[in-house]
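Colleague: With the sequences and hints as input, model every part of the structure.
Here the numbering used here is used: the first residue of the sequence shown is 247, the next is one more, and so on.
These are computed hints drawn from the structure, not numbers from a lab.
Keep in mind the model is a prediction, meaning the values are calculated, not measured.
Hints may be right or wrong, so weigh each one.
To be verified - Simulated crosslink set (SDA-like; lysine to any residue; CA at most 20 Å straight-line):
#, residue 1, residue 2
1, 430, 387
2, 505, 457
3, 389, 427
4, 332, 322
5, 382, 398
6, 505, 439
7, 408, 385
8, 464, 436
9, 452, 505
10, 314, 254
11, 265, 315
12, 312, 343
13, 263, 485
14, 265, 549
15, 298, 322
16, 460, 485
17, 274, 314
18, 408, 431
19, 314, 287
20, 278, 347
21, 494, 332
22, 408, 384
23, 465, 431
24, 312, 301
25, 505, 523
26, 262, 275
27, 389, 494
28, 263, 531
29, 332, 301
30, 467, 432
31, 274, 284
32, 467, 484
33, 274, 254
34, 265, 465
35, 505, 487
36, 406, 429
37, 452, 508
38, 312, 268
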Amino acid sequence: MLRILIADGMEEVAVKKLKDMNFDVVEKHYEKEELINQVKNFDVLVVRSATKVTRDIIDAAAETNKLKLIIRGGVGLDNIDVEYAKVRGISVRNTPNASSTSVAELVLGHIFSMARYLHNANITMRKGQWNKKIYKGIEIEGKTLGIIGFGRIGRETARKAKALGMNIVFYDIVGPKMEFREYKYCNLDQLLAISDFVSIHVPYDKGERAIIGKEEIKKMKDGAYLINCARGGVVDEDALLEALDSGKLAGAAVDVFVKEPAGNNPLCDHDKVSLTPHIGASTKEAQRRIGEEIVEIILNFFEGSELNSYVESI
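Modeller: Written out as structure tokens, the structure reads:
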């Protein structure tokens, strides 16, 4: 019987579907040392962002050669040593199609929040302050949104922002061969120089240099806004704080942090920062799609082996 460990939670309907297939499904988060002992007993490991699948966990799984598949319920794979898993004969998958709409909508929410001081007004009004004259914002219609990374989420963000009247420019490592009639490709320096809002949608490998650091911020328009709903580490947090304090940037929106939870991060106390606790994919719809994708990945991966008779019957 196929044994599946769901380490960080999963949408209930999808879990029920797996159980109805008579798979042995265990829903439990193990701390690292216990996971090292337990992972060797499962064929599939499903994680979100809480569980870090490091080399020692992969080595433990390889002792029995039972674990064949690791699934990340989400897009980023920075919490899994993907290359080492491949070396040890373990496949790694993610669910890239599930959360594009949710993340794009969060980006737009942050843009509105910064442009109209919604994050500040929510706090100060609860303190009894009526700052009507202070919170003079800007309209986003006609403003330029620069998108760094033009994959699924970047393109969905562009589509929605364009519908709101924003001008869209984008940069991607693929280069100018990514042609879109309604959007303009720029190199990174050009994008930074002309964008009123810059939103980042790229992966991040630990140890890499931040994509947006002090030098990149210098190239941005004075009074621009920066949004990071991608991964902690793609923005140099110290450089961002410096730019906010100096007035170089008018504001920032941060959903992801180098260290999470981020309770002691100075960004969390800065009045120019619109904050969320890594909730880009935290919608009911995205979680449902993630669950559906995980089920599909498992069925497709094991098709032709012990699941063949089941797959042919559905």
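Colleague: What's the verdict on residue 430 and residue 387, does the C-alpha distance respect the 20 Å limit or exceed it?
Modeller: Given that 20 Å is the threshold and the Cα spacing comes to 17 Å, the pair holds.
Colleague: Taking 20 Å as the top limit, are the C-alpha atoms of residue 263 and residue 485 close enough?
Modeller: Violated, at about 47 Å.
Colleague: Is the straight-line distance between the alpha-carbon of residue 452 and that of residue 508 20 Å or less?
Modeller: At roughly 17 Å apart (the allowed maximum being 20 Å), residue 508 and residue 452 satisfy the hint.
Colleague: Verify the proposed pairing of residue 408 with residue 431, using a straight-line Cα cut of 20 Å.
Modeller: 15 Å, holds
Colleague: Between residue 505 and residue 439, is the straight-line Cα distance small enough, at 20 Å or below?
Modeller: Judged against 20 Å, a Cα distance of about 29 Å means the pair is violated.
Colleague: For the pair supplied as a hint, residue 312 and residue 301, confirm whether the alpha-carbon distance does not exceed 20 Å.
Modeller: 16 Å, holds
Colleague: For residue 262 and residue 275, compute the direct alpha-carbon distance and say whether it is at most 20 Å.
Modeller: OK: residue 262 and residue 275 at ~18 Å, within 20 Å.
Colleague: Can the restraint linking residue 265 and residue 549 be considered satisfied, given a maximum Cα separation of 20 Å?
Modeller: The given pair, whose Cα atoms are some 17 Å apart, holds under the 20 Å limit.
Colleague: Given the hinted pair residue 467 and residue 484, is their alpha-carbon gap at most 20 Å?
Modeller: 19 Å, holds
Colleague: Regarding the pair residue 274 and residue 254, is the alpha-carbon distance no greater than 20 Å?
Modeller: Status holds; Cα separation ~7 Å.
Colleague: Is the hinted pair residue 314 and residue 287 satisfied, with a Cα-Cα distance of at most 20 Å?
Modeller: The hint holds at about 11 Å.
Colleague: For the pair we were handed, residue 312 and residue 343, check the Cα-Cα distance against 20 Å.
Modeller: Between residue 312 and residue 343 the Cα gap is close to 28 Å, so the pair fails against 20 Å, i.e. violated.
Hints 5, 6, 12, 13, 20, 21, 34, counting from the list given before, are not met by this structure.
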